[in-house]
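K.L.:
Here is how the chains run, residue by residue.
2 protein chains.
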Amino acid sequence: MASVLGCVLTVTAVYIGGGGESSKQKLNCVKVNGSKSFALEKMGVLRQDHVMPMPCIGGVDEDVDALEEHLRQNIPRRKQMVDPYRLGEMVEKGVGYRQTVVIRSYEVGADKTATIESLLNLLQETALNHVWMSGLLSDGFGATHGMMRNNLIWVVSRMQVQVDHYPIWGEVMEIDTWVGASGKNGMRRDWLLRSQATGIVFIRATSTWVMMNKETRRLSKMPDEVRAEIAPWFIEKHAVEEESPEKIEKLDANARYVHSNLKPKRSDLDMNHHVNNVKYLRWMLETIPDEFLEKHQLSDIVLEYRKECGSSDVVQSLCEPRFNQNTGLNGHAVSSQILQGNGLLGALNQRPLSYTHLLQTKGESKNEEIVRARTTWREKKHGAKLFPS
Amino acid sequence: MASVLGCVLTVTAVYIGGGGESSKQKLNCVKVNGSKSFALEKMGVLRQDHVMPMPCIGGVDEDVDALEEHLRQNIPRRKQMVDPYRLGEMVEKGVGYRQTVVIRSYEVGADKTATIESLLNLLQETALNHVWMSGLLSDGFGATHGMMRNNLIWVVSRMQVQVDHYPIWGEVMEIDTWVGASGKNGMRRDWLLRSQATGIVFIRATSTWVMMNKETRRLSKMPDEVRAEIAPWFIEKHAVEEESPEKIEKLDANARYVHSNLKPKRSDLDMNHHVNNVKYLRWMLETIPDEFLEKHQLSDIVLEYRKECGSSDVVQSLCEPRFNQNTGLNGHAVSSQILQGNGLLGALNQRPLSYTHLLQTKGESKNEEIVRARTTWREKKHGAKLFPS
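Each protein sequence line maps, in turn, to chains Y and F.
Note that the first sequence ends on residue 389 in full-length UniProt numbering; no numbers are left out.
Note that the second sequence ends on residue 389 in full-length UniProt numbering; no numbers are left out.
Hints may be right or wrong, so weigh each one.
Which copy is meant is left open, because identical chains are indistinguishable; a pair holds if it fits in one copy or across any two.
Derived DMTMM-like pairs: lysine to aspartate or glutamate, alpha-carbon spacing no greater than 25 Å straight-line [claimed, not checked]:
(1) K380 to E249
(2) K184 to E225
(3) K250 to E92
(4) K184 to E368
(5) K79 to E92
(6) K381 to D65
(7) K265 to E117
(8) K295 to E225
(9) K265 to E107
(10) K307 to E107
(11) K112 to E215
(12) K295 to D65
(13) K307 to E215
(14) K307 to D111
(15) K295 to E68
(16) K381 to E89
(17) K79 to E364
(18) K263 to E242
(19) K237 to E174
(20) K380 to E68
(21) K380 to E369
(22) K381 to E68
(23) K380 to D268
(24) K214 to E117
(25) K214 to E368
(26) K295 to D63
(27) K79 to D224
These aren't lab readings, by the way, just hints derived from the structure by calculation.
Fair warning: this is a prediction, and the values are worked out from it, not measured in the lab.
Generate coordinates for the entire structure from the input sequences, incorporating the hints supplied.
P.N.:
And the structure:
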């Protein structure tokens, strides 16, 4: 398994758990109503509704900073059923999470529909809020207390997003997210995005997560104590009917489109100081020719993560239309063309409807894969026709 | 005035008005409970709470698309006092707007604090939601019905943002925004961002808007009918104590730092098909040396907009530390250094704490200014110390 997966970006480190607390963590010395909660009194107006236990104070600057961060973030240490500020609630008998979001003006592109980057951001946000609400977020990046004790972090190995409809500016959406088992040592996280007005499903997504030792950067089995924390949150329910089993082939220097010398900028780094997922996606999509992007919209993306990308890496983005792959024609597009009487030649003259992608770091001696991906596209329609007319 | 200002990006086109409705606009043929609202019945579950009048149907595709967009966006056509999905409410006797927002995981940078880009996005979002709630948003970009009749749009001419504290991931903020008069033909829009828990003000911002003819792209006087719409919303209250009166000098090819050949990408365009404000900001900030950015945080920015930037423009970003300007030393930084006993030489050895910026399009015959700016910075502190300890 370790050879297939790699260490990955990402702040999303999406876990949801339900277990015990360490008494050794700095922030775990808690007295809600005790003598150490003096800062609460000094704070003046404290208007948040959550239960907000306080860490103890060590008297040194770091502790004061930690306290301040704790007060300002207000991460709950007990499971919350509703969050009035995030418009979040626990569903699925208290183990799934639902959040209502409004598509914001800056989350849409020139065509007034949400960008795929914004949608990925919302997946990350709701996943982290799920963990947040669970009361077990210990380090801010999704690790459980049991994981912290074992020096483990979550890394994402695979993600698939299917977009049937793109939400538009101002549209109210409901995002459901939940977790399930994935093999013996992994976790699956799924999402469903629905129109709040009609219940129509716009987007389905699934992802796979494994644990990695923070120091050795090697993948790890799931310790029993961690399984005990998170297993109670697992649901046997899949957002994506059948995960695409087709392997994503590795591109090489012969790829049709190549963008080289891509350098992460300060603004591309997330809280983990890794290049964020959205930047990966932009690098990949910007390698597809503009003429194609103008007339098509993304309907499906599968990402296979291999290695994390840091701020000093120099990245190369490779992209190959699947239509011309030796490994096979773009089956669906071709056969529908043939059915329409255009024949195989007609089909071959068509634009591709799928691309294979690779992001890799260009090292002096060797290249290292960051992420492979496959994108599938459909022609843009004039209207989305989500309401009967 | 027309020579000073220019046509500008921006989707923000921030107006708030309160007046009549045109009976000639396509979407204005409204029968809420009448025979034409058949789509409402067909829609099945309709769970939104707003009053949602329906446009009439012309029977052609564009009308169906317009109807669908109308239903999905659900822009209210009457003033709303609260918006449960945006966590928005009217304040200041019903003419100001307040929205509660949680800083999201992807809105913060590597240091866990909200990026200035995210903050500008939130200003845009709340301004548009203010207009949205007013019931008078006619074209989706902020124009009033009176402006639509006169073929006018809003353009921003100046913006200033003062950041005393940066919110952190998960922090709950309250954003207030309101409008006021600015001269005879302009409008001012202000914002205040406060910690929801303590009421401490983190950010103050102000902006100036004028009207432009959509076809001729020339600035326009404010027609009486438009004044009648928007004047009732004006408040005599300023978020920024004293707007910086100092003129921003125009940089030329002698500027210390120059980034050339900057090209907008597809993802940089907003709903108006102009380069969005955040991209401007990135281009400007990325021209400042990395060593400086690592140790400083932005405390104040003034932007003077001159011309809109389209997708085919090639942009140059110029940047000059103010410390070394002939036009004067960085007054505040120098005098505080002198007061601290370092003398003028000591002060001159310090890093600058202010930069002048210019974005311009590089034409074949001449360059054209897009935006001038001045940024002011402070050294990064270990902790923000917003709570007494």
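K.L.:
Against each hint, give a clear statement of whether it holds in the structure.
P.N.:
Hint check results:
Taking identical chains as interchangeable, the C-alpha atoms of K380 and E249 are never at most 25 Å apart, the minima being 27 Å within one chain and 46 Å between chains. Taking the shortest Cα distances, K184 and E225 sit within 25 Å of each other inside one copy (14 Å), while across copies they are farther apart (69 Å). In this assembly of identical chains, K250 and E92 lie within 25 Å of each other by CA distance neither inside one copy nor across copies; the values are 39 Å within and 60 Å between. For the homomeric pair K184 and E368, neither the shortest alpha-carbon distance inside one copy (28 Å) nor that between copies (61 Å) is at most 25 Å.
In this assembly of identical chains, the alpha carbons of K79 and E92 lie at most 25 Å apart only when taken from the same copy (14 Å versus 36 Å across copies). Proximity of K381 to D65 under the C-alpha cut-off of 25 Å is restricted to the inter-copy arrangement: shortest distance 11 Å between copies versus 52 Å within a copy. Taking CA atoms no more than 25 Å apart as the test, K265 paired with E117 passes in both settings, with 17 Å inside one copy and 14 Å between copies. Taking the shortest Cα distances, K295 and E225 never come within 25 Å of each other, neither inside one copy (51 Å) nor across copies (41 Å).
Proximity of K265 and E107 under a CA criterion of 25 Å is satisfied in both settings, with 21 Å inside one chain copy and 15 Å between copies. Taking the shortest alpha-carbon separations for K307 and E107, only the inter-copy value of 24 Å comes in at or below 25 Å, while the best intra-copy value is 28 Å. Taking the shortest Cα distances, K112 and E215 sit within 25 Å of each other only across copies (22 Å), while inside one copy they are farther apart (44 Å). Proximity of K295 to D65 under the C-alpha cut-off of 25 Å is restricted to the inter-copy arrangement: shortest distance 18 Å between copies versus 50 Å within a copy.
With identical chains, the CA atoms of K307 and E215 are at most 25 Å apart within one copy only, with a shortest distance of 15 Å there and 51 Å across copies. In the homo-oligomer, the alpha carbons of K307 and D111 lie at most 25 Å apart only across protomers (22 Å), although the nearest pairing inside one protomer, at 34 Å, exceeds that limit. Taking identical chains as interchangeable, the C-alpha atoms of K295 and E68 lie at most 25 Å apart only when they sit on different chains, with a minimum of 21 Å there against 50 Å within one chain. Taking the shortest Cα distances, K381 and E89 never come within 25 Å of each other, neither inside one copy (35 Å) nor across copies (36 Å).
Proximity of K79 and E364 under a CA criterion of 25 Å is satisfied in neither setting, with 49 Å inside one chain copy and 62 Å between copies. With identical chains, the CA atoms of K263 and E242 are never at most 25 Å apart, being 36 Å at best within one copy and 40 Å at best between copies. For a Cα distance limit of 25 Å, the shortest separation of K237 from E174 inside one copy, 17 Å, qualifies, whereas the shortest one across copies, 37 Å, does not. Only between protomers do K380 and E68 lie at most 25 Å apart by alpha-carbon distance; the minimum there is 16 Å, versus 49 Å within a single protomer.
In this homomeric assembly, K380 and E369 never come within 25 Å of each other (Cα to Cα): the closest approach is 32 Å inside a single copy and 35 Å across copies. Proximity of K381 to E68 under the C-alpha cut-off of 25 Å is restricted to the inter-copy arrangement: shortest distance 14 Å between copies versus 50 Å within a copy. When the C-alpha separation of K380 and D268 is checked against a cutoff of 25 Å, the pair qualifies only between copies, where the shortest distance is 20 Å, while the shortest distance within a copy is 29 Å. Proximity of K214 and E117 under a CA criterion of 25 Å is satisfied in neither setting, with 28 Å inside one chain copy and 31 Å between copies.
With identical chains, the CA atoms of K214 and E368 are at most 25 Å apart within one copy only, with a shortest distance of 20 Å there and 51 Å across copies. Taking CA atoms no more than 25 Å apart as the test, K295 paired with D63 passes between copies only; the shortest distance there is 22 Å, against 54 Å inside one copy. In this assembly of identical chains, K79 and D224 lie within 25 Å of each other by CA distance solely inside one copy; the values are 22 Å within and 56 Å between copies.
Of the numbered hints given earlier, the model fails hints 1, 3, 4, 8, 16, 17, 18, 21, 24; all others are met.
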